[in-house]
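These protein sequence lines are chains A and B, in that order. Heads up: the first sequence at position 122 corresponds to 292 in the working numbering, and the numbers run straight through without jumps. Heads up: the second sequence at position 24 corresponds to 23 in the working numbering, and the numbers run straight through without jumps.
The set of hints was computed from the structure by calculation and includes no laboratory data. If you're wondering where the values come from, they're calculated on a predicted model, not measured in any experiment. Possibly wrong hints are sitting among the right ones.
Which stretches of chain A does chain B cover? Using the computed rule of at least three CB atoms under 8 angstroms from a CB of chain B, they are [unchecked claim]:
| hint | region |
| --- | --- |
| 1 | 212 to 222 |
| 2 | 352 to 364 |
Pairwise CB distance ranges (calculated) [what the hints assert, rightly or not]:
| hint | chain 1 | residue 1 | chain 2 | residue 2 | range |
| --- | --- | --- | --- | --- | --- |
| 3 | A | K177 | B | T105 | 46 to 56 angstroms |
| 4 | B | S42 | A | R399 | 11 to 21 angstroms |
| 5 | A | R352 | B | A38 | 19 to 29 angstroms |
A partial selection of chain B residues facing chain A, derived with a Cβ cut-off under 8 angstroms [claimed, not checked]:
| hint | residue |
| --- | --- |
| 6 | Y5 |
| 7 | A14 |
| 8 | N41 |
| 9 | R58 |
| 10 | L75 |
| 11 | L89 |
| 12 | V92 |
Beta carbons: idealized from backbone N, C-alpha and C, even for Gly.
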Amino acid sequence: MRMTWSKGAAGVVTAVRDVGAVGLGAFPMGMAFGVLVVHSGLAWWWASLFSGLIYAGSLEFLLLSLVLVAAPLTTVAATAFFVNVRHVFYALSFPLDRITGRAGKAYGTFALSDEAWVVTTRTGAASWAGRRILGAQGVVHGYWAGGATLGALAGGLVPAGLGGLDFAVTALFVALALDALRARPELFTPLLALGCALFARFVVPGQLLLVAFALFTAGLLLRHAWRVRA
Amino acid sequence: MPDAPYLLSAVGVAAAVTWALRALPFAVLAPLRSSPAVAYLNSHMPVGVLTILSVYALRDVTPRVPGRVWPTVLALAVTVGLHLWRRNLLLSVLGGTAAHVALVGTVFTG
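Please build the complete structure, drawing on both the sequences and the hints.
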């Protein structure tokens with residue numbers, strides 16, 4: 171028994187070390203989400219439920235703003251699709267073949283967040299066995315859900331009238347957009363997206379996300395078709 | 000305030016769509032790997048999606064309510080400035096949010 175315990179503890183230590191600062195960043199971000207949940211008027215455990223079951227940071231921030239205006243479930247589904255469709259491409263590089271067993275594969279795909287993908291596809295992770303990959307994923311998941319729960323519990327201590335906290339979502343998206351722009355310095359795509367978003371904002375404000383995403387995707391495909399012909 | 004059944008359904012839908020997007024591609028992506036259109040979408044989607052999400056997050060800011068516009072503009076400047084300077088996501092988000100909270104609570108209380 172003692173053997174198993176120390177082995178388990180060593181596994182956790184390895185996982186925490188493997189995940190490092192990339193995953194640790196999920197903790198304070200989770201806390202910010204938790205604070206926002208209770209400040210929106212929901213009970214603290216909704217923060218645990220959102221972060222534990224959906225486990226997709228930016229979508230959870232967005233979902234919070236959607237459910238507060240009782241958005242239809244079709245809008246929720248469409249938003250989840252467009253916000254997380256980038257994960258489709260993680261299948262090209264995530265080492266799922268090294269994870270054995272149904273439960274392992276199920277958790278490995280469920281917990282394939284941005285941070286988990288970064289951690290498990292780094293050069294140093296190429297030799298990791300399935301258990302070590304799952305351990306790292308579990309630690310990132312724990313950071314996010316734990317941070318959200320703690321933030322929600324502590325959120326009651328932050329003055330209820332504290333305005334302007336919801337800016338965290340805006341700042342998150344703007345900073346991530348800057349990162350994406352730096353990874354691919356080119357202005358056509360962000361300008362196309364900006365045009366689609368502003369059009370949707372002023373013409374169909376009730377369906378901003380859906381219309382903007384659809385127009386943007388259509389625009390990209392048209393541009394691709396045009397470039398192939400040219 | 001939304002009721003619990005609605006909230007649970009919303010969480011369920013969001014979780015199901017997210018998991019499907021993460022799991023199904025392992026089965027179906029293989030034949031698409033070579034598609035140039037998919038590769039093009041893959042490389043161009045992120046910056047566009049994040050731009051759209053930024054506009055969405057700012058949708059309620061209108062010039063008709065100046066007390067909301069200025070804290071937002073200034074906090075955006077802090078966020079972008081911090082991010083270009085330190086390239087630290089957490090620092091930019093916390094700095095921008097702190098600036099916004101401070102401005103809304105002090106200078107622009109209207």
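Contradicted hints - numbers only = none
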